[in-house]
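> Here the protein sequences line up with chains A and B, keeping their order.
Residue 33 in the numbering used here sits at position 33 of the first sequence, and the numbers go up by one each step.
Residue 65 in the numbering used here sits at position 65 of the second sequence, and the numbers go up by one each step.
Quick caveat, the hints were computed from the structure, so don't treat them as lab data.
This structure is a prediction, so every number in the text was calculated from the model and none was measured.
Note that the Cβ used here is the ideal one computed from N, Cα and C, for glycine as well.
Check each hint, because a few of them may be wrong.
Chain A is nowhere near these chain B residues, computed Cβ spacing over 10 Å in every case [claimed, not checked]: (1) Arg5; (2) Glu45; (3) Asp57; (4) Ile73; (5) Glu91; (6) Asp98; (7) Glu163; (8) Ser172; (9) Glu177; (10) Lys193; (11) Glu198; (12) Pro221; (13) Asp238; (14) Ser253; (15) Ala458.
Each computed BS3-like pair below joins lysine-lysine, with the alpha-carbon atoms no more than 30 Å apart [claimed, not checked]: (16) B:Lys119 / A:Lys55; (17) B:Lys46 / B:Lys119; (18) A:Lys55 / B:Lys41; (19) B:Lys36 / A:Lys8; (20) A:Lys128 / B:Lys14; (21) B:Lys14 / B:Lys33; (22) A:Lys10 / B:Lys306; (23) A:Lys55 / B:Lys347; (24) B:Lys36 / A:Lys10; (25) A:Lys10 / B:Lys46; (26) B:Lys102 / B:Lys124; (27) A:Lys78 / B:Lys22; (28) B:Lys22 / A:Lys128; (29) B:Lys102 / A:Lys55; (30) A:Lys223 / B:Lys306; (31) B:Lys306 / A:Lys128; (32) A:Lys8 / B:Lys33; (33) B:Lys193 / A:Lys55; (34) B:Lys22 / A:Lys10; (35) A:Lys10 / B:Lys347; (36) B:Lys415 / A:Lys55; (37) B:Lys124 / A:Lys55; (38) B:Lys102 / B:Lys119; (39) B:Lys119 / B:Lys41.
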Amino acid sequence: MINEKITKIKTAIIDGDSALATSIANELVADPDSLNEAVEIATETIRDIGDQFEKGDIFVPEMIIAAETMQSFMEVIKPHLEGGATRVTGTIVLATVKGDIHSIGKDIVATRYRASGFEVIDLGVDVKPMDIIQSAEQANAQLIGLSALMTTSMPYQKEVIDLLTELNQRDDFWVLLGGGPVTPEYAEGVGADGWAATAAGAVPLTEPMLTTDGKPTATKFMKVER
Amino acid sequence: MTIDRDRILEVLDKTHSGPVYKERDYNIEVVSKNLKNAVTKYGLEKTADRANPVNMDDDLADRYYQAGFEAAINIGLMCRDTSRVITFNREELQAGIDAAPKEFWLGDGNQRVLYQHRKPEDNKLPVWTVPLSIAVTEDVFLPLVESLARIPQVDALEGPSLETVWGHPLRSGSPYEHLAGRYQADLMREAIKRAGREGMPMDAVGSSTTHYGVLGGYGVPGGYHPKHDLILILSIADFWTSYESLFKLTHASVTGGKYISASSWVMLGGYAGGPEGTAVASVAYTLLMIAAFQGSRTGVPPFDIKYMGNCGRRAQWALGIANQAVSRNTEIVVHSINNQVAGPATKMLLYETLVGMTNLAASGVSNVVGTRSAGGRRTNYLSPLEHQFGGEVYKAAAGISREHANSIANTFIPKYEDMLVEQPDGQSFQECYNVETLEPTAEWQQMYDEVRDEAIQAGLNFP
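Looking at chain A on its own, in the form it has when it is part of the complex (with noise of 0.2 Å):
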């Protein structure tokens, strides 16, 4: 019966269906046992998911509703998992810089950290950077990550780094940063501390962050070229 349940789990995140994947959820919380097989497999389907569309097989609307449905399924679970079961994850408060409204990267990006359990504070486009940097102490935020699509709003991403360092507070978060025209070279010599080729390297460029004892200025500039 638990197994079952667990196999509809699959079902239920890639038809998209929260209804199904909360009641499924509120089932198995009754069973502390089978919680952790049951995270597994959610996390597994939202990974194929994932693949499936960096292959094109599927689409950005596809993938938002998966993530969503999986959300509403750890919202359930998260607070009856061990520690130990859980995996890394953090608050990540994300943008797209003053000047610039383009979205569907950035919305990318957001859909890849919700569906890996992450906390996504997403601030929308054409944001300020004071706006950024009092969002993310107000999240308390781990993480913030900037996209820029032109290199017309690209200075408003060194700008919030340039904020953080003017205000003493520039170890309080990793700052990411993405977007077409933003190569490596450019997001660490502005003084980033992680760059992402795309979407899907995104999350695991984070995961060393959140499990350093480092702080960000002190830590290599890090990049996934994927």
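Chain A is fixed; fit chain B onto it per the hints.
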């Protein structure tokens, strides 16, 4: 014709009275679902033909137009400043399309250019505008633009985009952009004067995506000319628009402007889904941009989200059929973009250009702006030679059949399709050109000569 102020006011009123949506719900529940519904209703599932990247079926193109028209009515344009959707009913949408010009002249004196409606396989000469708004450093701007303006096949200028203004970083949405509007107009005029092509039409303003550059550079003394130059209105994101874009329209109106370029793009693999949904989205968004912004030239080309270009098979297919749908079913001046990803001094960039420009010429596109050298990713990574080649191909392909364009696509796509994701950056302008003499390096010239020969062997009649 002039910009119709009453229509502007109607659109502005709609930004305050249309239905309200949250971002996620509009993207998923309105855009995505209505595109899917249109694809199903008009029997368009699995009609994208990877084996034939240039569509040759008129009936299919017409069904895409009908699907796009219906999707436009159901989706509308989301105004990000008010979170309300600007909607048009069937009669309003058709009235906007009917009011768009079939042809118009831009430029001045002996550099005047006729922008005219074309049908698929039309032998009327299309208009080639260069370059796209790729960032360049200030030292490169003048010699590069002069060199581009010297190319006989180039009819009009749009970019590039300045990285700095008088040495200061150009920041989007800031007063730097306001200064850049007029500064770019000055630099462009100087470049076309040096090239002996004074009066050449220009698109305002390549360096500024927000309205500030237009406010600073269009219709001001010494700036872009409201009667000879186009004002660029570019809505960035699938079916989204903003007051920034509407400010450009109102600025055109108050300065006596006559000609609007109303365009955007759709992401293949994004909210529009696969190639079929993307082609429907391209048609729908084009019609909405005409209705909302009174576009004189209008178009919404796709980008494939996998590699941020449109020279692969599924994107070429969507690009071709969407343009055929609009050019067959309206009389508007269709605008489009060929989005290459390889950089200068690579054969791949020329092959992408050959495939894309023949498809666009055969699919009824009146005016292409290009080239997206190195995908527009890197500062100074564009050169005159690929723009010369783009113009030569586009004009040589006027009048060719779609079967011929499809054969060219199938001959040359295999030469680069494995490199679309891991694309070569090539070389910068300073690396592949002598900036003093404005001549390409021997290596880059040889690549051009060899691909040009291949294009001639493929049946294109170059001058």
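> State for each hint whether it applies.
Hint check results:
1. Arg5: At about 26 Å from chain A, Arg5 of chain B clears the 10 Å cut-off, so the statement holds.
2. Glu45: holds, 14 Å
3. Asp57: At roughly 24 Å from the nearest Cβ of chain A, Asp57 of chain B sits farther out than 10 Å, so the non-interface label holds.
4. Ile73: Label holds. Min Cβ-Cβ 21 Å, cutoff 10 Å.
5. Glu91: holds, 31 Å
6. Asp98: holds, 31 Å
7. Glu163: violated, 6 Å
8. Ser172: Violated, because the least Cβ-Cβ distance between Ser172 of chain B and chain A comes to about 3 Å, which does not exceed 10 Å.
9. Glu177: violated, 7 Å
10. Lys193: Holds: least Cβ distance 26 Å, greater than 10 Å.
11. Glu198: holds, 28 Å
12. Pro221: holds, 25 Å
13. Asp238: Non-interface label on Asp238 of chain B violated, nearest chain A Cβ at 8 Å vs cutoff 10 Å.
14. Ser253: holds, 23 Å
15. Ala458: holds, 28 Å
16. B:Lys119 / A:Lys55: Outside the cut-off at roughly 35 Å; violated.
17. B:Lys46 / B:Lys119: holds, 25 Å
18. A:Lys55 / B:Lys41: holds, 27 Å
19. B:Lys36 / A:Lys8: holds, 26 Å
20. A:Lys128 / B:Lys14: holds, 28 Å
21. B:Lys14 / B:Lys33: Status holds; Cα separation ~22 Å.
22. A:Lys10 / B:Lys306: Roughly 26 Å between the alpha carbons, so the hint for Lys10 of chain A and Lys306 of chain B holds.
23. A:Lys55 / B:Lys347: holds, 26 Å
24. B:Lys36 / A:Lys10: It holds: about 24 Å lies between the C-alpha atoms, which stays within 30 Å.
25. A:Lys10 / B:Lys46: Roughly 26 Å between the alpha carbons, so the hint for Lys10 of chain A and Lys46 of chain B holds.
26. B:Lys102 / B:Lys124: holds, 13 Å
27. A:Lys78 / B:Lys22: Within the cut-off at roughly 27 Å; holds.
28. B:Lys22 / A:Lys128: Holds - the C-alpha atoms of Lys128 of chain A and Lys22 of chain B are around 21 Å apart, at most 30 Å.
29. B:Lys102 / A:Lys55: violated, 41 Å
30. A:Lys223 / B:Lys306: OK: Lys223 of chain A and Lys306 of chain B at ~20 Å, within 30 Å.
31. B:Lys306 / A:Lys128: Given pair Lys306 of chain B, Lys128 of chain A holds - Cα atoms ~29 Å apart, limit 30 Å.
32. A:Lys8 / B:Lys33: With Cα atoms ~25 Å apart, Lys8 of chain A and Lys33 of chain B stay inside 30 Å; holds.
33. B:Lys193 / A:Lys55: Roughly 49 Å separates the two Cα atoms, so the pair is violated.
34. B:Lys22 / A:Lys10: Satisfied, since the Cα-Cα distance of roughly 28 Å is no more than 30 Å.
35. A:Lys10 / B:Lys347: violated, 46 Å
36. B:Lys415 / A:Lys55: This hinted pair holds, its Cα atoms lying about 21 Å apart.
37. B:Lys124 / A:Lys55: Since the Cα atoms of Lys124 of chain B and Lys55 of chain A sit roughly 40 Å apart, the hinted pair is violated (cutoff 30 Å).
38. B:Lys102 / B:Lys119: Since the Cα atoms of Lys102 of chain B and Lys119 of chain B sit roughly 11 Å apart, the hinted pair holds (cutoff 30 Å).
39. B:Lys119 / B:Lys41: This hinted pair holds, its Cα atoms lying about 26 Å apart.
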